[in-house]
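Number of protein chains: 4
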Amino acid sequence: MLRLSWMTSPEPLHDIAHLGSVELLTPQLEKSLWYFRDLLGMEVVQRTAAAAWLRGYGDYAASTLKLSQAPSPGVGGIAWRATSPAALERRAAALQEVGLGIGWTNGDFGRGRSFRFRDPDGHHMEIYFEEQRYEAAEGLRSALKNQPQKYTGRGVGVRRTDHLALLASDVATNRRFAQELLGFQLREQVVFDDGKNEIGSWMSPNAIHHQLAYVADVKGGHGRLHHFSLWVDNREDVLRAADILVENGVFIEAGPSKHNNSQGFYLYSYEPGGNRVEIYSGSYLVLAPDWRPVTWNERERGTGTYWGAALPESFIQYGTPDIAGEAQTPAPDLSIFY
Amino acid sequence: MLRLSWMTSPEPLHDIAHLGSVELLTPQLEKSLWYFRDLLGMEVVQRTAAAAWLRGYGDYAASTLKLSQAPSPGVGGIAWRATSPAALERRAAALQEVGLGIGWTNGDFGRGRSFRFRDPDGHHMEIYFEEQRYEAAEGLRSALKNQPQKYTGRGVGVRRTDHLALLASDVATNRRFAQELLGFQLREQVVFDDGKNEIGSWMSPNAIHHQLAYVADVKGGHGRLHHFSLWVDNREDVLRAADILVENGVFIEAGPSKHNNSQGFYLYSYEPGGNRVEIYSGSYLVLAPDWRPVTWNERERGTGTYWGAALPESFIQYGTPDIAGEAQTPAPDLSIFY
Amino acid sequence: MLRLSWMTSPEPLHDIAHLGSVELLTPQLEKSLWYFRDLLGMEVVQRTAAAAWLRGYGDYAASTLKLSQAPSPGVGGIAWRATSPAALERRAAALQEVGLGIGWTNGDFGRGRSFRFRDPDGHHMEIYFEEQRYEAAEGLRSALKNQPQKYTGRGVGVRRTDHLALLASDVATNRRFAQELLGFQLREQVVFDDGKNEIGSWMSPNAIHHQLAYVADVKGGHGRLHHFSLWVDNREDVLRAADILVENGVFIEAGPSKHNNSQGFYLYSYEPGGNRVEIYSGSYLVLAPDWRPVTWNERERGTGTYWGAALPESFIQYGTPDIAGEAQTPAPDLSIFY
Amino acid sequence: MLRLSWMTSPEPLHDIAHLGSVELLTPQLEKSLWYFRDLLGMEVVQRTAAAAWLRGYGDYAASTLKLSQAPSPGVGGIAWRATSPAALERRAAALQEVGLGIGWTNGDFGRGRSFRFRDPDGHHMEIYFEEQRYEAAEGLRSALKNQPQKYTGRGVGVRRTDHLALLASDVATNRRFAQELLGFQLREQVVFDDGKNEIGSWMSPNAIHHQLAYVADVKGGHGRLHHFSLWVDNREDVLRAADILVENGVFIEAGPSKHNNSQGFYLYSYEPGGNRVEIYSGSYLVLAPDWRPVTWNERERGTGTYWGAALPESFIQYGTPDIAGEAQTPAPDLSIFY
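Residue numbers (this note's numbering), protein chains in the order written: chain W, 18 to 355; chain S, 18 to 355; chain R, 18 to 355; chain G, 18 to 355.
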């Protein structure tokens with residue numbers, strides 16, 4: 018009754034440890050701050066006139082989210098932490114070699130020397146190893162010695178950054194970049210038209226199901242953001258988050274509900290600057306060194322949700338910055354990408 | 018207000034991917050099966066007269082738990098999956114060199130060539146790379162393409178193996194073995210008597226907080242088990258599990274409640290064979306390549322729980338197989354280890 | 018800052034204690050049984066060739082759900098328990114007087130002398146006082162002395178009946194009937210067209226938000242069912258139920274999500290016989306003796322859900338038995354009734 | 018297999034609708050306010066120098082909790098809402114007749130004409146009918162038309178008052194008083210010594226399992242409080258509350274765990290004034306007009322919890338105001354009553 022298959026695998030690359038920090042651009046810095054600090058319960062650790070650095074209570078780093086005043090919403094620098102100083106050098110050399118490198122910087126708040134580069138679609142990324150560990154001031158110290166910061170009970174109380182979904186005009190190229198240059202493991206894919214049209218790919222450098230996703234930019238843009246995702250420990254926390262968002266007049270685009278792809282329990286809203294933010298739980302860990310990517314075709318994909326909830330058209334059409342024009346290519350009958 | 022510290026780290030070893038399978042010995046095989054299959058909701062994938070192989074619905078491997086008929090309860094073979102064939106060879110050579118190696122086998126059900134060895138305390142372990150991926154028969158196929166098996170809704174519905182806690186007469190030696198020979202990262206420790214008495218250490222080869230713990234065997238035994246732990250996705254699942262266990266006459270030793278160490282949400286019961294089993298959720302992932310172990314002394318440790326619940330004396334005194342005699346060394350004022 | 022208003026109220030009627038039992042008609046008795054027993058986890062307490070009597074683990078009565086083989090799905094007898102023998106006589110006399118009475122019977126399984134009647138729309142109802150208290154056999158006895166039956170851990174594990182929603186061609190008339198003849202308290206209403214078009218009304222004889230709802234039969238039928246609702250204690254149980262239903266091939270029409278009206282956390286599926294069944298939690302208790310009904314107009318009503326989830330057209334168009342023909346009156350822009 | 022028993026019942030009294038408001042005395046008014054407002058998330062609706070009036074977000078009345086500065090902690094006035102003006106007069110006359118009446122007042126904040134009286138143990142109570150309905154100011158208006166106030170997301174976010182447990186030197190007398198004079202239905206009892214020693218009784222005027230409990234005052238005091246209990250909708254909310262309390266240095270006496278009696282999911286802490294407060298969910302509704310009280314003897318009672326958690330000695334010995342002296346009568350082997 019049990020059908021068996023044997024796994025084989027080459028030696029995996031292990032140079033990137035995790036997603037370190039994401040910079041969101043916002044034309045409404047103060048309102049965006051209200052969303053992340055007062056509603057989602059994040060802490061502000063540093064402020065300037067044009068930017069704010071924040072963190073979730075469970076993040077061990079000094080800061081994991083940067084909000085920057087900008088004319089349009091979107092994603093700024095995306096920072097990945099290397100597994101060692103040597104790993105940082107190896108990745109910098111490899112990126113330099115393929116022509117995606119930009120160069121070294123001293124690092125943004127909380128991070129040491131960083132190598133900046135671009136992904137093929139034009140998103141700005143960097144790799145670093147040295148990181149400031151967060152040490153809480155008196156009022157924010159946790160009663161738990163293994164928790165970097167007090168759980169304050171304010172608003173949603175997101176624990177940590179989970180992942181990032183980027184729009185890309187050519188998903189396949191960017192996916193291969195992340196696999197080969199960054200060493201990410203491919204976890205799931207949505208591929209339409211008999212395997213010819215790669216709609217989305219979900220990848221990770223660690224056990225978290227995905228820390229980076231590329232999904233098709235149906236408007237043919239470049240360097241755009243689909244969403245940024247923050248973790249809470251239980252599905253009940255996501256339900257409670259929905260109440261808090263609605264009570265505060267925040268528009269909910271979709272959820273809470275459960276994706277089929279990733280099995281993630283999702284809640285999508287737009288922060289006041291316009292960026293799509295997900296509050297997220299569930300999903301599953303991947304520990305297999307030779308994980309076989311799960312691929313979904315049109316029929317298997319269905320609505321992109323598990324229980325049948327429909328995702329709105331905006332979920333495919335809208336990204337930040339928002340750009341004019343209809344979908345370039347006749348969008349396949351993709352109800353959604355995840 | 019923000020105090021900073023810079024992290025540094027050598028290149029980490031990355032040869033073990035995850036805990037693969039645990040063998041529990043039971044003098045009551047049929048009753049133990051009832052516990053794991055009917056109450057915890059695991060599936061039986063293979064049977065012989067003297068053994069049964071089981072799995073959680075979310076495990077990707079063919080089997081993750083083996084129950085073996087034996088005169089006394091306890092832990093049998095503990096199998097770790099390597100990250101690659103080369104990693105397997107490297108670990109085998111290293112273990113052979115320090116004299117802990119036993120030799121190669123063809124592997125138990127579902128696994129290929131395996132290298133057997135002992136830890137310093139005498140527990141039987143093995144490393145392997147080749148693994149049978151589970152492929153569900155018709156009635157057990159999930160509606161989710163990325164879920165190896167249907168969630169049946171029977172009983173607790175544990176998702177997967179989480180970790181194993183072993184008793185050891187000399188925690189420090191066994192902890193160093195796991196760090197140096199297996200490459201596990203040390204996550205937390207309980208150390209009493211001004212740093213001189215290592216009561217427990219929690220380690221992992223991946224992002225899961227701990228997949229292996231060594232805690233002091235207060236009776237001076239060898240090769241004994243403290244508990245085997247199975248994961249559910251939400252704390253609510255643990256609460257529901259407690260109802261199911263009590264309704265079926267299973268003795269609950271402690272919980273549901275929350276540890277301070279590991280932040281795990283725990284529920285301990287004894288399966289009918291006598292082994293302590295934990296149903297577990299919560300805790301936190303560790304992604305830092307240079308994680309600084311969190312160390313708890315007597316005062317910080319308190320009762321070992323976060324909200325103040327007491328753990329019973331049995332939690333320190335009882336392991337499997339049970340052995341006669343009082344605590345060898347005057348047990349320190351340790352209320353519990355986790 | 019606090020605006021105040023004084024409440025006044027006449028003496029409320031208190032003759033009906035609660036919804037006692039609901040009979041569902043099904044053309045697929047065995048498959049319906051599979052749904053309620055194997056998936057929802059109810060117990061069968063009595064069987065004949067053409068009917069089965071079931072119960073939730075928390076129901077104190079012998080049976081609260083009857084499944085009857087019939088050519089078409091729909092709702093059969095709806096039984097209400099009186100608060101006393103005298104209350105039963107009072108209600109029977111009042112119903113007789115207005116011409117809705119049918120007559121006395123000896124009562125169906127588990128109930129004593131019952132007075133049968135019709136509501137204005139033609140649904141069959143009855144009132145009774147004498148009721149068989151459930152006493153569990155050995156294998157179904159709970160470890161909790163105050164729980165009538167063991168929580169078995171099978172499937173969803175619904176606790177008890179919550180409420181019933183009936184379609185009615187004239188909501189206002191049937192609502193007044195329930196208020197005046199049965200003494201139910203009106204809790205919420207959806208009224209469109211500047212108060213002229215009563216789309217739905219939610220009522221109860223006790224603290225449960227509603228045990229009876231009348232919603233507009235857009236096809237102009239009579240005696241039809243919108244849905245029957247079963248309670249679970251936590252929202253997490255509803256999420257888990259959705260997984261169980263999908264894993265077993267049951268179509269989910271809507272949810273899990275949260276209604277604005279009633280604040281109920283809902284999950285709608287069709288049992289194999291065709292009847293819409295809700296798995297339900299949340300909502301709120303009403304204890305005010307002079308509760309002021311909450312009324313929603315088109316704009317306030319929105320999608321009928323709290324977080325923005327859309328309800329499908331079938332939620333308005335489909336009831337059991339299903340009947341031909343389009344909506345009689347041009348259905349107002351009602352996305353849904355609750 | 019089904020054993021049956023027939024229920025009979027006299028006409029039940031129905032003059033009290035629900036627990037309306039509880040006054041807690043505190044020697045630390047500002048700190049108590051911090052606990053209820055900042056940690057538990059209640060709103061302050063009125064302030065004077067020596068008192069504050071609060072409410073849960075789901076309470077329909079203007080205020081349900083009054084905090085009053087006093088030399089010692091304890092319970093002040095306990096207000097019950099009548100089901101009608103006539104019911105109020107009936108209860109006042111009955112209480113006057115048995116000599117427990119004190120007299121009429123104009124009512125405290127938010128309530129109209131009130132009849133004050135004492136229970137046999139000396140607790141101060143009152144009955145009223147007229148009540149100010151809460152109408153939220155702009156910033157506190159809910160997006161839900163049927164929710165009196167916004168769910169703010171601050172701290173625990175208790176929804177409403179649930180119940181009150183009073184200490185009494187003679188439980189049986191006070192229990193009969195509540196049954197006969199107030200018309201409460203007896204739900205559960207703990208009776209030791211072969212039925213001769215009534216340790217605790219749980220009662221209610223509505224479907225909530227209990228709104229009033231009397232438990233033995235083992236120190237022989239009078240008019241003392243065991244605990245005041247506030248409701249949250251899900252067990253997960255109680256777990257989250259425990260984190261919030263510990264992170265803010267509040268001592269947790271017991272829980273979160275599940276009682277056997279009432280099936281309540283409990284969390285007990287002391288507010289800074291010294292009164293024991295419970296955060297509560299779960300339990301079960303009672304709708305039977307002829308409910309048969311569930312009685313527990315010593316053996317059935319066990320530890321008073323369902324999963325085996327022990328309750329501390331303080332749970333029996335401590336009430337407010339705290340009084341000197343040991344237990345008067347040799348306390349029976351009662352682990353707890355709550």
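Hints in this document: simulated from the structure, not taken from any laboratory. A hint or two may mislead.
Pairs count within a copy or across copies, as identical chains cannot be separated in the list.
With a cut-off of at most 20 Å between alpha-carbon atoms, the simulated DMTMM-like pairs for lysine to aspartate or glutamate come out as follows [as the list claims (entries may be wrong)]:
| no. | residue 1 | residue 2 |
| --- | --- | --- |
| 1 | Lys162 | Asp211 |
| 2 | Lys167 | Glu317 |
| 3 | Lys213 | Asp187 |
| 4 | Lys167 | Asp307 |
Remember, it's a predicted structure, so these values are computed and weren't measured experimentally.
So, going through the hints one by one against the coordinates:
1. Lys162 / Asp211: Between copies only: 17 Å across chains, 52 Å inside a chain, cut-off 20 Å.
2. Lys167 / Glu317: Classified as between; 16 Å across copies, 43 Å inside a copy.
3. Lys213 / Asp187: Answer is within: at 12 Å inside a copy they meet the 20 Å cutoff, but 55 Å across does not.
4. Lys167 / Asp307: neither (38 Å within a copy, 22 Å between copies)
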